[in-house]
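Chemist: Sequence:
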Amino acid sequence: MQGDKNPMYMEQSLENGQIPQDIDDDGREKRIGTLVTGSAHIITAVIGSGVLSLAWAIAQLGWVAGPAVLTAFSFITYFTSTLLADCYRFPGPAAGKRNYTYMDVVRSHLGGAKVTLCGLAQYTNLIGVTIGYTITASISMVAVKKSNCYHKNGHGAACGVSNYPYMIIFAAIEIVLSQIPNFHELSWLSILAAAMSFAYSSIGLALSIAKIAGNGQKVKTTLTGVTIGVDVSGSEKVWRTFQAIGDIAFAYAYSTVLIEIQDTLRAHPPENKVMKKASRIGVSTTTLFYVLCGCVGYAAFGNDAPGNFLTGFGFYEPFWLIDFANICIAIHLIGAYQVFSQPVFSVVESSCNRRWQDNKFITTEHSMKVPYFGTYSINFFRLVWRTCYVIVTAVVA
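Residue numbers (our numbering): 197 to 593.
Hints are computed from structural coordinates only; laboratory data are not their basis.
Only a predicted model underlies this, so the values are computations on that prediction, with no experimental measurement involved.
By construction, the Cβ of each residue, glycine as well, lies at the ideal position given by its N, Cα and C atoms.
Only true hints are included.
Simulated crosslink set (EDC-like; lysine to aspartate or glutamate; CA at most 16 Å straight-line):
#	residue 1	residue 2
1	Lys407	Asp500
2	Lys472	Asp282
3	Lys414	Asp500
4	Lys293	Asp282
5	Lys348	Asp519
6	Lys341	Asp519
7	Lys293	Asp222
8	Lys226	Glu381
9	Lys469	Asp282
10	Lys310	Asp300
11	Lys416	Asp500
12	Lys433	Asp500
13	Lys293	Asp220
14	Lys473	Asp282
15	Lys342	Asp519
16	Lys293	Asp221
17	Lys416	Asp427
With beta-carbon atoms standing in for the labels, derived distance ranges:
#	residue 1	residue 2	range
18	Asp218	Pro465	17 to 27 Å
19	Phe576	Ala391	28 to 38 Å
20	Ile272	Gly410	34 to 44 Å
21	Pro289	Ser429	43 to 53 Å
Please model the entire structure based on the sequences and the hints provided.
Modeler: Right under this line is the structure:
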C-alpha cells in the first residue's frame, strides 16, 4: 500500500511550477461530470418512493387541483433550481470562486447566523431522508417475501415477515457503497438508480392501465377529489388536502443536494448552464412520470386510492411483476441513499481534514489494487466514520 494525502480535501501544491493536467482551477481533482450524469443525479434524488403516493394525493385534490398543483410545483422547482445553479460560483456565476456545498453558498451570499440555521436544516433533512429510505427499502423487500409466501402457500397462509433482517441487509449494502469516496464517482450508481425509478414507475403505470381496461366495476372519481360527507368529514378533507400538497411538494425536493451535484460537473461548458439544462431535463422527466402515475393511478383506484399505489394491486397475479417493481424500488433507494448521504460524509470529512491536517489516520489515502476494478483508494477514517453512520441510521430506522 502507498500512503498519500487526500486530494479532495486539500489544496494541491503547485510550488514546483508545474500545473498538473488532472486538476481543476481550484486545485482539486478534475471534475468529469456531464449533462447526462447531472440529470441522472437529479432524477435519482427527485423520483423517490414519493411517486407511489401521488395517486392518493390526486384523489384528495381531484382532477382539477391535482394536476394543477403538480404542474405548479414543477415550475417552482425548476425556477428555484436555476437561481441556485447561478450561486455555485461567487461573486459571478461563470468565473467566481467555487462553492462546494449548500452551506458554502449560504455563507458566500448571506453569511452570519443564516449559515448555521441553513446547515442545521439541510443536514437534518438529509439524515432524515436516509433513515426513511432504510425503512422504505426494507418494506419493499418484505413485500417480495410476502408475495412469494402467499403464492406458494395460498392467501390464507400466515406470512408475517419482520422488517429487521432486511434493514440489516440494506445497511450491509450501504456500508460497502458508502466507501465510494465522493459524489464524483457516484454517477454509475445514479444512472442505475434512475433506470430503476423509471422501471417501477412504468410497471405501476402499466398495471393501472390494465386495471382501468379490465375494471368491470367503475371507480368513483370527481373534479374536487374525495367527497365531504361521503368519503371523509369536513376536517378530514382539509387535513388531507394539505397533506396531499405537502406530499407533492416533498416529491420535488432536491435543493439540498443541488450544489453538491453541480460540483461534479466539468468546468467547460460553464457549470451553471449545464446544471440548468440538467434541471430542465430532470424536472420535466419527473413531472411527466408524476402526472402519468398520479392521474392514471387515480383513474384506476378512484377516491379509494391507497397511499402506495403498488400495494393496491395486492399480492395477486401477476405477482412476479409486482415483485420486480418492489425490487426496483429497493435498488433505487440503495442509490438514492448514497446521493443524500454523500453531502453528510463530505462535510464531516472536510471539517476533520481541516482541523487535524497532520493526523495520518484522517488524511492519508492508501492505494490498493482491486482485480478487474483497478486501483482503489482507502482512507481508514472514512471507512470507520461512514460505517458508523450507516449503522446508526439503520438502528434508528
